[in-house]
Amino acid sequence: MNTELIGSIAQIVLMVVLAYPLGKYIAKVYKGEKTCLDFLAPVERWIFKICGINPNEEMSWKSFLKALLTINLFWFFWGMILLWTQQYLPLNPDGNGGQSSHLSFNTCISFMVNCNLQHYSGESGLTYFTQLFVIMLFQFITAATGMAALAGIFKAMAAKTTNTIGNFWNLLLKSCTRILLPMSLIVGFILIIEGTPMGFDGKMKLTTLEGNEQLISQGPAAAVIPIKQLGTNGGGYFGVNSSHPLENPTYLTNMVECWSILILPMAMVFALGFYLKRKKLSYTIFGVMLFAYLASVGINTYYETKGNPMISQMGIDQGAGAMEGKETRLGPAATALWSCTTTVTSNGSVNGMHDSTMPLSGMMEMLNMQINTWFGGVGVGFMNYYAFLIIAVFISGLMVGRTPEFLGKKVEAREMKVATIVALTHPFVILIGTAVACYYWVYNPAFVEAEGGWLNNPGFHGLSEMLYEYTSSSANNGSGFEGLGDNTWFWNFTTGLALIISRYLPIVGQVAIAGLLAQKKFIPESAGTLKTDTVTFAVMTFSVIFIVAALSFFPALTLGPIAEYFSIYM
Amino acid sequence: MISNLFKSFKLTIAFCILFSVSYIFILWLFAQVASPNKGNADVVELNGRIVGAANVGQQFTKDIYFWGRPSHAGDGYDASSSSGSNKGPSNEEHLADVQARIDTFLVYHPYLKREQVPAEMVTASASGLDPDISPKAAYIQVQRVAQARGISPDKVMALVNAHVEGPLLGIFGPEKVNVLKLNVALEKLETKE
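Quick mapping for you: the protein sequence lines, in order, are chains A and B.
The opening residue of the first sequence carries number 12 in this note's numbering; numbering runs sequentially from there.
The opening residue of the second sequence carries number 67 in this note's numbering; numbering runs sequentially from there.
Calculated directly from the structure, the hints in this document are not laboratory data.
Any given hint might turn out to be false.
Over 10 Å on every C-beta distance to chain B, these chain A residues come out as not near it, computed from the model [claimed, not checked]:
hint, residue
1, Arg56
2, Phe116
3, Phe302
4, Leu305
5, Ala446
6, Glu462
7, Ile511
8, Thr545
9, Phe548
Beta-carbon label-pair distances, calculated as ranges [as the list claims (entries may be wrong)]:
hint, chain 1, residue 1, chain 2, residue 2, range
10, B, Tyr174, A, Gly222, 12 to 22 Å
11, A, Ser71, B, Gln98, 46 to 56 Å
12, A, Gly463, B, Lys254, 39 to 49 Å
13, B, Tyr174, A, Cys47, 57 to 67 Å
14, A, Phe458, B, Cys82, 18 to 28 Å
15, B, Gly140, A, Gly464, 15 to 25 Å
16, B, Leu235, A, Trp500, 43 to 53 Å
17, A, Tyr454, B, Ile83, 46 to 56 Å
18, A, Lys317, B, Ala162, 16 to 26 Å
19, B, Gly140, A, Trp500, 18 to 28 Å
20, B, Cys82, A, Tyr454, 31 to 41 Å
21, A, Phe88, B, Ile83, 11 to 21 Å
22, A, Ile432, B, Leu235, 15 to 25 Å
Note that beta-carbon positions come from the ideal geometry of N, C-alpha and C, so glycine has one too.
I would like the entire structure built from these sequences, with the hints used as guidance.
In structure tokens form, the structure reads like this:
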């Protein structure tokens, strides 16, 4: 077996093995039990005191959501103002300019919703100040927002009957200080030792061996990258994200970064089991997610290591695999693994160009985001799965003639309506968005031309570029078929809207379901209860997700990647 | 709402102190001690002059040097605007580019057969700044470089072999050769003689 495959397997094993103890630790943090980081408690108390927050005040799901939405609104204005005025602010040794109004709108929204879609290039679109006080700050706090929301849901699920789901501020801060900050420091140390820059000097100017001048962008990259991965943010420090040799200098940094993407989403599933004391439930959920993840890793690894058949026809040696848009030190297997890791979560960082991956790899990348429930973003990923669990409970309850119950609570019409709306928003936003873009492309070519022509590839692949962009926005992923010329009025605004809808509607809906269920009377388990921690139910949930989420997209996928597949493989 | 807004404001400031200041300071301090070049990109020197960043590829076109991969960053290896080609696998224009690159490569390496040309030498890297090539891609260039420099191919081959970096811990990931380091070693070889 070759070393590239062994590297991929090692990464997956490290994720799964370490996610278990981390999940145990996270459950302890959210329950307020003793942990090894309790020496941070005075700092937290001090912050709460200054901010006038009582961390022990219990909140109803409504006031929990109000606090969550208010601080997000505040962050929106914070980000907009700093991005607009960045050229007047300090820490700008390269003299980069401000962002246009529609670009700063898109950037601000995209980082606020934990998506990190980037319509600018990191080297020239931001200053060191905005990298640290907008981008990196948001990468910490928006990830913490998702985790806090999930911690609220845990509390609601664990309680027998309750009107409160914990304190949002408390969960938000603890997610930062106890989980994200210490892990980011460790990853940061490794990156720095391996050669990722962490300084405040401007571009390095040098004369190359052949006598040309080369300007090398650098800066505090090693601070942004750890949290970009751990918080499933994905917004790269440099334009080409983790394929940049300074952002990801060695195979070791690649392993660490890829591990960082999936470790927290995986740990969250185990945390659920420890928190609810229902380990078997978390194992079945983990099993479904891992199965789907491994399937897509298998497909992508196969196609990327096999190479592009159109290039094979030219009679050259493609033994190394499809190398267009990939890096030598990482190799196609590592890029295939990363492309699935980043799309099953809502991370969106890349270590190779997705636009240049093989048609079916591109399809799996899209499908992972379209389904959007396999591990998912920190916190919010499991919440998406939660909505589908509710639907699966309801459907299987009807199929076997039992009252649909989940964890001792009856699932009724109100929760079902919310869950269905949440589940359908995602395909709605993606397909309508793509349809509008296609309409403009076909019927208003003058408009598209004035915006720079949008597409970088003709034919089926061009459609994939547009479909991918809305998929990535709606999944709050942020990766792209980057050939798309997307820093334009049309794309900045429409994807900005998609981002807002698909972040806040599901969060509100899922917390509401949990809150509504928590208020209901607890029914002890009996012989008539539908068991939700069995393999049968796991298969059932998988089928519901596959039918509802995946099949809505197949017509669109047929016209894009599947058509492209047949055009080059037949 | 108003009270929540005040809390939001104060908490955001606290987060700034925690992350944008303290966290950054710790990492910066660590970089001053533990990073290869005090927090800046690691550099390679030749005769006391900095000739490049170790991890950032640069353009090589002369016959006396080993060549790196095709690049789409700016006009080629522009390290202030990294970029891949983002061309899809079925893109005709892209396939024509690859074809042209193969033909050019064969012109400069007339001793090669078509099936010996590795795909990575005719396809663009993701960042446009790929500092490495595979050992295979280095071996096939040995004859050209040796001829251009008028030294024995065996010597150049030995140099390439010395610069092959194995997988991580011997088992994880691909083998590679850093093009800049190899070329600098070539220069040093000449000055020694």
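Point to revise | Cβ separation of Ile432 of chain A and Leu235 of chain B, checked against the hinted range 15 to 25 Å | key: With a Cβ separation near 50 Å, Ile432 of chain A and Leu235 of chain B fall outside 15 to 25 Å, so the hint is violated.
Practice item. Using the beta carbons of Cys82 of chain B and Tyr454 of chain A, state whether their distance is inside 31 to 41 Å or not. Key: violated, 47 Å
Check your understanding: Could one say that the CB atoms of Gly463 of chain A and Lys254 of chain B fall in the range 39 to 49 Å?
Key -> Hint holds: Cβ distance 47 Å, inside 39 to 49 Å.
Point to revise | Minimum Cβ-Cβ distance from Arg56 of chain A to chain B exceeds 10 Å | key: Given a closest Cβ separation of 12 Å, the condition holds.
Practice item. Find the nearest Cβ of chain B to the Cβ of Thr545 of chain A and say whether that gap is larger than 10 Å. Key: holds, 37 Å
Point to revise | Separation of Ile511 of chain A from chain B, once the least beta-carbon distance is taken, above 10 Å | key: With a cut-off of 10 Å, Ile511 of chain A remains clear of chain B, as the shortest Cβ separation is near 18 Å.
Exercise for review: Verify that the Cβ of Ala446 of chain A lies farther than 10 Å from every Cβ atom of chain B, and report whether the claim holds or is violated.
Suggested key: Holds, because the least Cβ-Cβ distance between Ala446 of chain A and chain B comes to about 21 Å, which exceeds 10 Å.
Check your understanding: Within 15 to 25 Å or not, the Cβ separation of Gly140 of chain B and Gly464 of chain A?
Key -> Once the Cβ atoms are compared, 20 Å apart, the range 15 to 25 Å for Gly464 of chain A and Gly140 of chain B holds.
Check your understanding: Taking 43 to 53 Å as the hint, is the beta-carbon distance of Leu235 of chain B and Trp500 of chain A inside that range?
Key -> holds, 50 Å
Point to revise | Cβ separation of Lys317 of chain A and Ala162 of chain B, checked against the hinted range 16 to 26 Å | key: holds, 22 Å
**Study point:** Whether the CB-CB distance between Phe88 of chain A and Ile83 of chain B falls inside 11 to 21 Å
**Key:** Holds: the Cβ-Cβ distance is about 19 Å, inside 11 to 21 Å.
**Study point:** Beyond 10 Å from each Cβ of chain B, as asserted for Phe548 of chain A
**Key:** holds, 37 Å
The structure shown violates the earlier hints numbered 14, 20, 22.
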